[in-house]
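Asks: Generate coordinates for the entire structure from the input sequences, incorporating the hints supplied.
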Amino acid sequence: MPRTLGVCYYPEHWPQSQWATDAAQMKATGLTWVRIGEFAWSLMEPTPGTYDWDWLDRAVQTLGEAGLKVVMGTPTATPPRWLVDRMPDMLAVDASGRPRAFGSRRHYDFSHMGYRVECSRIARAMGERYGRNPHVAAWQIDNEYDCHDTTLSYSDAARTGFRNWLAQKYQSPEALNLAWGNVFWSMQYESFDQIDVPNLTVTEPNPAHVMDFRRYSSDQVVAFNRVQVDALRPLTDAPLIHNYMGRTLTFDHYKVGEDLDIASWDSYPIGFLSDRVEGTAKEKQTYLRQGHPDNQAFHHDLYRAVGKGRLWVMEQQPGPVNWAPYNPAPLPGMARLWAWEAFAHGAEAVCYFRWRQAPFAQEQMHAGLLRPDSTPAPALAEAAQVAGEIDDMPALDATTAPVALIFDYESAWAWDTQPQGADFEMFRLAFAAYRALRRAGLSVDILPPDTSDLSPYGLVLAPGLMTLSDSLRAALATYEGIALIGPRSDLKNRDMAIPLPMGPSLPDTDVTVVLTESLPPSDKIKLQGGGRFRHWFEHLEGTAPVHLSTKGGQPAIMGGDNLRYLAGWPDDDTFDGIIGGLCDAASIPTLQLPEGLRVRDTATTRFLFNYGPKPVTWNGTTIPAAGVHWEALP
Amino acid sequence: MPRTLGVCYYPEHWPQSQWATDAAQMKATGLTWVRIGEFAWSLMEPTPGTYDWDWLDRAVQTLGEAGLKVVMGTPTATPPRWLVDRMPDMLAVDASGRPRAFGSRRHYDFSHMGYRVECSRIARAMGERYGRNPHVAAWQIDNEYDCHDTTLSYSDAARTGFRNWLAQKYQSPEALNLAWGNVFWSMQYESFDQIDVPNLTVTEPNPAHVMDFRRYSSDQVVAFNRVQVDALRPLTDAPLIHNYMGRTLTFDHYKVGEDLDIASWDSYPIGFLSDRVEGTAKEKQTYLRQGHPDNQAFHHDLYRAVGKGRLWVMEQQPGPVNWAPYNPAPLPGMARLWAWEAFAHGAEAVCYFRWRQAPFAQEQMHAGLLRPDSTPAPALAEAAQVAGEIDDMPALDATTAPVALIFDYESAWAWDTQPQGADFEMFRLAFAAYRALRRAGLSVDILPPDTSDLSPYGLVLAPGLMTLSDSLRAALATYEGIALIGPRSDLKNRDMAIPLPMGPSLPDTDVTVVLTESLPPSDKIKLQGGGRFRHWFEHLEGTAPVHLSTKGGQPAIMGGDNLRYLAGWPDDDTFDGIIGGLCDAASIPTLQLPEGLRVRDTATTRFLFNYGPKPVTWNGTTIPAAGVHWEALP
Amino acid sequence: MPRTLGVCYYPEHWPQSQWATDAAQMKATGLTWVRIGEFAWSLMEPTPGTYDWDWLDRAVQTLGEAGLKVVMGTPTATPPRWLVDRMPDMLAVDASGRPRAFGSRRHYDFSHMGYRVECSRIARAMGERYGRNPHVAAWQIDNEYDCHDTTLSYSDAARTGFRNWLAQKYQSPEALNLAWGNVFWSMQYESFDQIDVPNLTVTEPNPAHVMDFRRYSSDQVVAFNRVQVDALRPLTDAPLIHNYMGRTLTFDHYKVGEDLDIASWDSYPIGFLSDRVEGTAKEKQTYLRQGHPDNQAFHHDLYRAVGKGRLWVMEQQPGPVNWAPYNPAPLPGMARLWAWEAFAHGAEAVCYFRWRQAPFAQEQMHAGLLRPDSTPAPALAEAAQVAGEIDDMPALDATTAPVALIFDYESAWAWDTQPQGADFEMFRLAFAAYRALRRAGLSVDILPPDTSDLSPYGLVLAPGLMTLSDSLRAALATYEGIALIGPRSDLKNRDMAIPLPMGPSLPDTDVTVVLTESLPPSDKIKLQGGGRFRHWFEHLEGTAPVHLSTKGGQPAIMGGDNLRYLAGWPDDDTFDGIIGGLCDAASIPTLQLPEGLRVRDTATTRFLFNYGPKPVTWNGTTIPAAGVHWEALP
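Residue numbers (our numbering), protein chains in the order written: chain Z, 131 to 764; chain W, 131 to 764; chain D, 131 to 764.
Hints are supplied without guarantee of correctness; some may be wrong.
One copy or any two copies: either way a pair holds, since identical chains are not told apart in the list.
What the hints assert, rightly or not - Straight-line C-alpha distance at most 20 Å; calculated SDA-like pairs for lysine to any residue:
hint	residue 1	residue 2
1	K414	D553
2	K438	P369
3	K438	D391
4	K438	T529
5	K744	P462
6	K654	D405
7	K656	P462
8	K157	G194
9	K412	L723
10	K199	Q148
11	K681	P462
12	K744	T680
13	K412	A562
14	K654	A459
15	K414	A552
16	K299	S321
It is worth saying that the hints were derived from the structure and are not from the lab. The structure presented is a predicted model; accordingly, all values stated were derived computationally and were not measured.
Replies: Below, the structure written as structure tokens:
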């Protein structure tokens, strides 16, 4: 499959006289795709029911005639003021009970049925107009679900929807009371109409209550998205896409992805580094102008799974952004590196955000490929360089990685709801495991929790999985590689309760977690041989062999040759040792990489990316800062 | 009086078939008491007015027949959903004006008269059913007043009640205006109906306004408790108890205690260590799995005073809890140490919380004596060990300690209201004094602020007392030991104003605080001889002798042989020196103790508790980590 | 003009029998002025429409007969309870949507038209009573606008007023949509009645929306003040004054100042040090009892500009205050130093706050010249010393400083609205520039942004100016000194958009900021010759000469001999070097001063102030800690 570049463009922000010039320059830069339309509802439908397609027709035609392909976005992330005036209760409500007002974007409640009807209507109208337009080659539905914490709403609409959802799920209040354990504090309900959304309770609500609300809220994102899928499917053959965000866990992306053709995400490596990625102060300074060396790779691998193999980067940071606590400029070369890294991880297209920096409104300090005065910004030349390099590249055929990581959204909600330790976060644990795999030079596949076939992989990690699915448990029962389960895996049932017998329930492996400790930053559990657990430590019992022990003589890893349980959260050095040992046992070759260098293998090509601020030499090859190197695999 | 053990049990959480087995195992462990019932309103009264006592009858009978004594809890901390539906305004309102919703516990407003009627009704119904039951040997009223910050409410009910309370107190708005100094910012009221609860003001409300609201709110807890006392007293001869919490200062426990027979408290040493007890990072790590070595002792001594000599621990941590920022497991032996420490401080009973870890709802990560799967958790064996040791113990007769500390709830409200320094907290100051006494090996009695007889004590400390009571002032006038008053003592009158003449007003002792400085953490006031004040320093004037001076020549301690005023907040080393000097002067012997070792003397027995993580040797005796040693006093 | 001292006094707080004694003691201390009345509405008008002037008549007469001059304050910062009961919607509303309740002060909304009518009425009534009273020699209107963050309100009154203000400004929704760039996220309005105050939006509102709301809110302060000016002007010839606060930026003080005769401010050097002034931990400890050595000077210079040359200090800290996080006592001598520093910067009068410490209500821990028991507090003797010294002083004629700093309130709002870096604050940047000038021994004039004549100054700094005004741009075009513009100057137009062509637009100077980086604390941009930029760095292009470069070869200062642009935020050392170089080039002599020593030159006298905690020797003169020295300029 060929790799392509693109850009996000807002014709409505610029005089029509400029469109053809812009289109020609995009084409000359080597771009293929132009995403448009996703915030333009007020121009498509300036007053209720009256559409104005003229300007959009001309924009599509201008871009198409220049040889570009259009990604058409539905504008449902920015309902116009008149629509909010017509249904003021379409606004979401925050956890403090305050409506989230008009005046920016994403001012809608996923639970609001009236707004869904409006979204279906505008999507259908767009599909009727552009579904068969030869220049419109893909569709984006809405924009960045959950951005600005918009998945969870505590509105009347959410309350009503939640009650219905619970009634469907449990059929009777008695069944719900039993499942949630409402006997605990006299919390029984006699009717579903007595159940509230779980905010503003005196102390923490029942975690089972919260978990069902998290599931309900995720389901509303799925349903909201499906409304537009259903409207567009009959009207177009172009692929349907949503642009997800980094480190967003409030809805089950796999489920949204089932209804779509491609998963795309919006990659802002530097914006994320300062406060959305773990790291020491030294790492944050080292990678200040590059982004964390594993953050982009993780999301590429995750969204490749969400997209069932099909991945795009819909928005790629080209320069300083406007929304992080601090916004430095990328190191020269990074706009190229990020694109190649995406391709190496399977992306079919990488679109820079945005073509020209807007001189007005909220994002006026967000760089583009052009400056506000239309002169080239630094990333333009890097985009052109990538476009030129694409032609000379060998095929980047997808391949199966040697190792896999199970990643589950529901588990993220579970440990949000009941962290037990103040710094326990599911993403952080999963990312710690992923980073260890990457430091060992391994390419990684991320798998959903209902995976039923692990046979392609020599090593599988499953950290922090709330509950092993039946299919995964079955796969583990016959697995011939090494699976490392835990910590905090399979210790709850689906009702967010401790199962009896207590977990984990690993096939043919007698291990039980009998006591759990969360550890403050000052504390650690020392292991035999020099490692240590931080944050989390589980006391294990059972007859399974002990592979690793604490200095105090407690089991740290227990299990058989294939299925093992990890009793704590290893720090980075310790994780490196554990991964190294498992790879040796599984005959998976690992690499010794200098700091900042990362490797990704496709079927036939090995890519090296230098995320560091200085050149590195490895295996005889010197790669400059922000440099990319590729070579054929033997 | 014999010492006994017990446990908290929730028969409603388990199948009835398990009850007899549980009861037999409790008995076999050596337990005497079982507390039940305190969250089970929805089972006692599933629908309004229809009681279901059958299950509770059976539970009491099963436990009683096994030889256990029941502590019966009234369930008023968890009103059922149907009750909230009937009187939605029974919910408290937080300082931001938001109702505190159903869905956890303690969802009621102490000021709500309708809810008080309901509480009286359920208490009376329980009393009628179980007041003369031979197995019910004690009662607990409600559960953990103020838990989850529930004393203060800014509801309509609170506003109405507060206005009436003010009208009763002041009789006329003019009197209130004068007492509060409302002339200050044109804040005069013409009618009590103009007075609001003191939240959401533009800047700080009048501290006199806040103080009266704090007094009013405390009085509502007293009144709320008394409603149930009044309902139960005619129906039972068993003692009435409430289970207070650690470091809870929002209501006057002495006043609640006046209506009850025994004061009990819920002791969670490790849960408190991480964020509810002062300490350096090093101390927090040293005592991570033991709890702060003075925190339990302080509360035992405090609640012994609240209980007018009768003390229980109603809930004793047995393993990791679920609610602290970090939740490690206790060091082996601590579940035994904590119980013996409670007995040494006068506790008649220590009940572990809880029998079996619940697999569902909010506290499913809270350890019990049994694991969720009914196998023994580590604390069970320790409880059994204590039970076995009790029989062999000499009598633990109460005695009067050589030193006393005055502790006053109203002062805590005063300095909350007007801290003057960001880190000034009354408890912290009192606890600093207490810790210094304990480091000197002293047993301590805590006394209420209206104490009228100090003669049993050789040394009395009164730090941070807003106003000396008339009785205390009279006691000081004839006191022949040494009393160290201050800092920040007797500097306000009961109207929260500076008295004229300015304080303190110590009998026959000419000392006046003429200027007050609060100090940032970077600053200190150096004393002659090497000590220093932190946080707080008062400039003293007067003709009384100066016992200690600052390096700058200002008085640090002034007064006569018996009555002295301390002008600042000594750091720990300095406090040790001051206490040492005073004890020498008062001929009170002190001890040199290794770090982590604590001493408590009863009438005839000296107890040593090693809170440290390593063995210590003292006076020829080696005590292991978490170890307890006792010996007859000469 | 003679320099005078005064004091703030509240006769309504004390028995009338004490007034004459107080007045005599004030006079004996050497005081000239007594400010009264500003919180006494409830006494002036105890019930609606019924005035009680008797007490105030007597107070004025008593003070006047003692030889004192009265500053009469209008009491509109403390509307009585009965007034709030009559118009409950006069309360402001906070950003969370909660009314800001009665119970302290400043409980009014600047937008509320009904309250303006009431303020006009009480001001007129006071003017009629005291406008020609021979003892009333000045007026203060209201008290500390914006104190407790009261400029911005999100009330219904503000919403209505804002809509009208926008309608006046833009005339049509289309014009507003265009100016704000509302096309960006479909934010267009069809009617002004659709526009809300910009709080509680899902993510950040349009910065142009926020900026207009900030302008609107500032205009309401101006209008509110003008209502009282209009009421008083016909009734008195005494000067009208408002007492501004330190570091208050929410309204345009220059505009308020246009309607008044004198600018005064309330100077609390130690209260501000702990959390309202930048500084390292070491500096904060060094100046703990003196205040930051440049903070008072900055505000004197700023408010001298706001007062069009006429400056007072209406409230001068005399001892510990009650409202800072920590409240230590001033170093002996500071109450004298602060007064002389104010005089040296042009103050006509310095009034200490307050005469006697109040024993009741919110400020009872705030020191006065007297203690609550009427004995002298430490500052009384220092005030008397200043009063004695005034007579012997040479004339302190105003003069023009050699250097000027442009300071603009609108720019503060702009960078609040769009900081781009988490630690970017306009005041901080301007104060960094000012401090560098002071460390070089320079006296400074602060100028408003519409300054049209720079010719008196050899050096002008304009850091952080959102937009250069036409008049300033014209002045720069012919300026013969050196003007250093930037960083972040002239990069926005008045619509809060990036101008095209991009800025800055400096006359005859080809420099453009093409890319902006905000830097986290860990990062710095090294400069040739050893300096560095922190926080902020702009990439410059253009043909103007480069005066200074980064180590990476990018321009750091560009421009011609007269007009230069500074591309980043220099740290203190670097700023010292830049200022030194510019002064050399402009032939402005600078001084080498020891740490903590500051200099201020009047026309004929040089003042030295030692803010340090130890004596310093400079040019052969030794000045004690907290010492003041003056000498004739050659």
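Asks: With reference to the structure, classify each hint as holding or not holding.
Replies: Cross-check of the supplied hints:
Taking the shortest alpha-carbon separations for K414 and D553, both the intra-copy value of 19 Å and the inter-copy value of 17 Å come in at or below 20 Å. Taking CA atoms no more than 20 Å apart as the test, K438 paired with P369 passes inside one copy only; the shortest distance there is 13 Å, against 67 Å between copies. For the homomeric pair K438 and D391, the shortest alpha-carbon distance inside one copy (8 Å) is at most 20 Å, but the shortest distance between copies (68 Å) is not. Taking the shortest alpha-carbon separations for K438 and T529, only the intra-copy value of 13 Å comes in at or below 20 Å, while the best inter-copy value is 75 Å.
In the homo-oligomer, the alpha carbons of K744 and P462 lie at most 20 Å apart inside one protomer (12 Å), although the nearest pairing across protomers, at 51 Å, exceeds that limit. Proximity of K654 to D405 under the C-alpha cut-off of 20 Å is restricted to the inter-copy arrangement: shortest distance 19 Å between copies versus 25 Å within a copy. Only between protomers do K656 and P462 lie at most 20 Å apart by alpha-carbon distance; the minimum there is 18 Å, versus 42 Å within a single protomer. In this assembly of identical chains, K157 and G194 lie within 20 Å of each other by CA distance solely inside one copy; the values are 10 Å within and 84 Å between copies.
For a Cα distance limit of 20 Å, the shortest separation of K412 from L723 inside one copy, 19 Å, qualifies, whereas the shortest one across copies, 37 Å, does not. In the homo-oligomer, the alpha carbons of K199 and Q148 lie at most 20 Å apart inside one protomer (18 Å), although the nearest pairing across protomers, at 70 Å, exceeds that limit. Taking the shortest alpha-carbon separations for K681 and P462, only the inter-copy value of 16 Å comes in at or below 20 Å, while the best intra-copy value is 47 Å. In the homo-oligomer, the alpha carbons of K744 and T680 lie at most 20 Å apart only across protomers (19 Å), although the nearest pairing inside one protomer, at 38 Å, exceeds that limit.
For the identical chains of this complex, K412 and A562 are intra-copy neighbours only, at 17 Å inside a copy versus 27 Å across copies, given an alpha-carbon limit of 20 Å. For the homomeric pair K654 and A459, the shortest alpha-carbon distance between copies (13 Å) is at most 20 Å, but the shortest distance inside one copy (38 Å) is not. Taking CA atoms no more than 20 Å apart as the test, K414 paired with A552 passes between copies only; the shortest distance there is 16 Å, against 22 Å inside one copy. Proximity of K299 and S321 under a CA criterion of 20 Å is satisfied intra-copy only: 14 Å inside one chain copy versus 45 Å between copies.
Consistency with the previously given hints is maintained throughout, with no hint failing.
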